[in-house]
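Number of protein chains: 2
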Amino acid sequence: MTNVLLLGAGFTADERARLTETFDSVSAAQAEDVAKIDASTRAGIKAVAFKGHMPLGAAIMDQLAGLGVIANFGVGYDAIDVTAASARGIKVTNTPDVLNDDVADLAVAMLLAQSRNMIVGDARARTGLWAKEGELPLNRKASGSSVGIVGLGRIGREIADRLAAFKMDIHYSSRSEKQTPGWTYHSDVVSLASAVDFLVIALVGGAETEKHVSAEAIAALGPRGVVVNISRGTTVDEAALLDALESGAIAGAGLDVFMNEPNIDPRFAALDNVVLQPHQGSGTVETRTAMAVLQHDNIAAFLAGQDLLTPVN
Amino acid sequence: MTNVLLLGAGFTADERARLTETFDSVSAAQAEDVAKIDASTRAGIKAVAFKGHMPLGAAIMDQLAGLGVIANFGVGYDAIDVTAASARGIKVTNTPDVLNDDVADLAVAMLLAQSRNMIVGDARARTGLWAKEGELPLNRKASGSSVGIVGLGRIGREIADRLAAFKMDIHYSSRSEKQTPGWTYHSDVVSLASAVDFLVIALVGGAETEKHVSAEAIAALGPRGVVVNISRGTTVDEAALLDALESGAIAGAGLDVFMNEPNIDPRFAALDNVVLQPHQGSGTVETRTAMAVLQHDNIAAFLAGQDLLTPVN
Numbered sequence: 003m004t005n006v007l008l009l010g011a012g013f014t015a016d017e018r019a020r021l022t023e024t025f026d027s028v029s030a031a032q033a034e035d036v037a038k039i040d041a042s043t044r045a046g047i048k049a050v051a052f053k054g055h056m057p058l059g060a061a062i063m064d065q066l067a068g069l070g071v072i073a074n075f076g077v078g079y080d081a082i083d084v085t086a087a088s089a090r091g092i093k094v095t096n097t098p099d100v101l102n103d104d105v106a107d108l109a110v111a112m113l114l115a116q117s118r119n120m121i122v123g124d125a126r127a128r129t130g131l132w133a134k135e136g137e138l139p140l141n142r143k144a145s146g147s148s149v150g151i152v153g154l155g156r157i158g159r160e161i162a163d164r165l166a167a168f169k170m171d172i173h174y175s176s177r178s179e180k181q182t183p184g185w186t187y188h189s190d191v192v193s194l195a196s197a198v199d200f201l202v203i204a205l206v207g208g209a210e211t212e213k214h215v216s217a218e219a220i221a222a223l224g225p226r227g228v229v230v231n232i233s234r235g236t237t238v239d240e241a242a243l244l245d246a247l248e249s250g251a252i253a254g255a256g257l258d259v260f261m262n263e264p265n266i267d268p269r270f271a272a273l274d275n276v277v278l279q280p281h282q283g284s285g286t287v288e289t290r291t292a293m294a295v296l297q298h299d300n301i302a303a304f305l306a307g308q309d310l311l312t313p314v315n
Numbered sequence: 003m004t005n006v007l008l009l010g011a012g013f014t015a016d017e018r019a020r021l022t023e024t025f026d027s028v029s030a031a032q033a034e035d036v037a038k039i040d041a042s043t044r045a046g047i048k049a050v051a052f053k054g055h056m057p058l059g060a061a062i063m064d065q066l067a068g069l070g071v072i073a074n075f076g077v078g079y080d081a082i083d084v085t086a087a088s089a090r091g092i093k094v095t096n097t098p099d100v101l102n103d104d105v106a107d108l109a110v111a112m113l114l115a116q117s118r119n120m121i122v123g124d125a126r127a128r129t130g131l132w133a134k135e136g137e138l139p140l141n142r143k144a145s146g147s148s149v150g151i152v153g154l155g156r157i158g159r160e161i162a163d164r165l166a167a168f169k170m171d172i173h174y175s176s177r178s179e180k181q182t183p184g185w186t187y188h189s190d191v192v193s194l195a196s197a198v199d200f201l202v203i204a205l206v207g208g209a210e211t212e213k214h215v216s217a218e219a220i221a222a223l224g225p226r227g228v229v230v231n232i233s234r235g236t237t238v239d240e241a242a243l244l245d246a247l248e249s250g251a252i253a254g255a256g257l258d259v260f261m262n263e264p265n266i267d268p269r270f271a272a273l274d275n276v277v278l279q280p281h282q283g284s285g286t287v288e289t290r291t292a293m294a295v296l297q298h299d300n301i302a303a304f305l306a307g308q309d310l311l312t313p314v315n
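Chains A and B, in that order, are what the protein sequence lines are. The numbering of the first sequence is the working numbering, which starts it at 3 and goes up by one. The numbering of the second sequence is the working numbering, which starts it at 3 and goes up by one.
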């Protein structure tokens, strides 16, 4: 009997196959497609395999009377209304840790690429402009500079561990001070931003962290400041960020996440002081496979009545 | 009396000013301009401040009968015929160490950018292709992979120290085994290439290392192999590298150095599996300033009859 719903348009063929080969399943690409599943099938759904960023709230949950688990593909589950899920006795799982390395790699790579103007550099070498106009204008040293990690969770820690090898002076902000190798703790993000050149945002998404990196924090970063964001577009005041990037109030940014992805603000396209990436933090074959396996295994555990591997509620 | 010759077309205004404000100097942009300096001025030249990659050999040295030191701007002095200099009692200095961090940063950045397809990623986010065609195809995890450093000198060591923070399995080749934290030594580059996915070339340039990364080494790297070169274009068999990149015999490359810079082989421009940079390894304000100071100070030491700071012969 069909008991798993694949919800979301973003599953790859491999990810879909991993689920459909094990489970008796039905699919809904969009939220409104759930209602189109016939009522008896819907009533049998015990698990949702969710991938994407569409809001998954009470309206969908209430169409699935037998739902017991929502297994999210990704560590960030801010699209899911966990309060509504908990109120209905629905468990939520995510895919933590398996993507930490990739996300941290991309954060460091964007910091270095912005600092060394590598997007412009590639074009200069590739198009022959190097021969015509000479060297790239001098850019900026990354090693030995100061960095602030906003949110020293598991991903933030991986980023800091890498940047320590670049001899950076590491500062961080978080709800409470952590055990670190002598890194400098700031209880608020404005203090953090005023102390460093590079500000790397590694927060969880959701309402609590909305615009946590505020206009005030961006202003505190100053004209040598660079914002790197691999968390969620919501965690930074994007309008203030765009203003600061356009005016030179800060030096630049490296951004993997945006408001309204993939329809990002066209103002970003005109900036020559940013490195942009299409939300590919976990986008490697190795890591997406590990995420798919973990999503699958959470559902399998639930259906077998076993403990969930990575519950969030 | 004029006793310093600024030789090379690449001095920036700041670099030129640093030299001309201290020293009584004359300039020659190209090799053939040396002969155009009047004979009595030429006879008074005691020091050459050299910047660039034009060959500086016996023909130039023999036009400067009073020359005592050639102070190179850069760590790599393969453009200077040191044997000819030594035979004439001319000392050569370079600018080591002050650029190690920047060059290592760029090596790591190119490795990550190639692995994560960041040049294509930036264009996808920037042009709106993300909204039209969706996510970037999955790429490849960098952390935890295996890397081989060809030449574990001071720059190679800085690269390895950084990549260790990415949990990479570190191998290296060099003339002799070094003290390392348990990294794997290979006495030859083909053995090294066959053991790793990423091959990072950190050799000195010059005749001894010409095509050290041979066609055989490139073949040994295999279809998941990526070549990163921040040394000199001469250190790799570039024709074999281009063939391998075009055929898929290796996966890709990140290259800051080429044969015939800046007129690089147009075959590079057509490749979508490479990250190209216009020889900007040391190209930051901070590091180029430190290099200019060191070049200046070597000349000042020589003219004052003091020990050279960073002699190479």
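Any given hint could be a false lead.
Copies of the same chain look alike in the list, so a pair counts if it fits in one copy or across any two.
When the alpha-carbon atoms are kept at most 20 Å apart in a straight line, the in silico EDC-like pairs for lysine to aspartate or glutamate are as follows [as the list claims (entries may be wrong)]:
{"no.": "1", "residue 1": "48", "residue 2": "239"}
{"no.": "2", "residue 1": "93", "residue 2": "239"}
{"no.": "3", "residue 1": "38", "residue 2": "163"}
{"no.": "4", "residue 1": "180", "residue 2": "263"}
{"no.": "5", "residue 1": "213", "residue 2": "239"}
{"no.": "6", "residue 1": "169", "residue 2": "288"}
{"no.": "7", "residue 1": "134", "residue 2": "263"}
{"no.": "8", "residue 1": "169", "residue 2": "99"}
{"no.": "9", "residue 1": "38", "residue 2": "263"}
{"no.": "10", "residue 1": "213", "residue 2": "137"}
Simulated from the structure, these hints should not be mistaken for laboratory data.
Inset, instruction - Tell me, please, which holds for residue 38 and residue 163 at an alpha-carbon limit of 20 Å: within, between, both or neither? - result: For residue 38 and residue 163, the Cα distance exceeds 20 Å both inside one copy (48 Å) and across copies (56 Å).
Legend entry - Alpha-carbon proximity context of residue 169 and residue 99, limit 20 Å: Between copies only: 15 Å across, 25 Å inside.
Legend entry - Homomeric proximity label, residue 134 with residue 263: Cα distance no greater than 20 Å: Between. Shortest inter-copy distance 11 Å satisfies the 20 Å Cα cut-off; intra-copy 37 Å does not.
Legend entry - Up to 20 Å CA-CA - residue 239 versus residue 93, copy category: neither (31 Å within a copy, 57 Å between copies)
Inset, instruction - Have a look at residue 213 and residue 239 and pick one of within, between, both or neither, based on CA distance no larger than 20 Å. - result: within (5 Å within a copy, 51 Å between copies)
Legend entry - Alpha-carbon proximity between residue 169 and residue 288, which holds within one copy, between copies, both or neither at 20 Å: between (29 Å within a copy, 15 Å between copies)
Legend entry - Copy assignment of residue 180 with residue 263, given that the CA separation must stay at most 20 Å: Neither: 33 Å inside a copy, 49 Å across copies.
Legend entry - Intra/inter-copy verdict for residue 48 and residue 239 if alpha-carbon distance must be at most 20 Å: Intra 38 Å, inter 59 Å, cutoff 20 Å: neither.
Legend entry - Homo-oligomer pair classification [residue 137, residue 213; C-alpha up to 20 Å]: Classified as neither; 39 Å inside a copy, 25 Å across copies.
Inset, instruction - Can you give me the call for residue 38 and residue 263, within, between, both or neither, at a CA distance of at most 20 Å? - result: neither (26 Å within a copy, 62 Å between copies)
Of the numbered hints stated above, those contradicted by the structure are hints 1, 2, 3, 4, 9 and 10, listed in ascending order.
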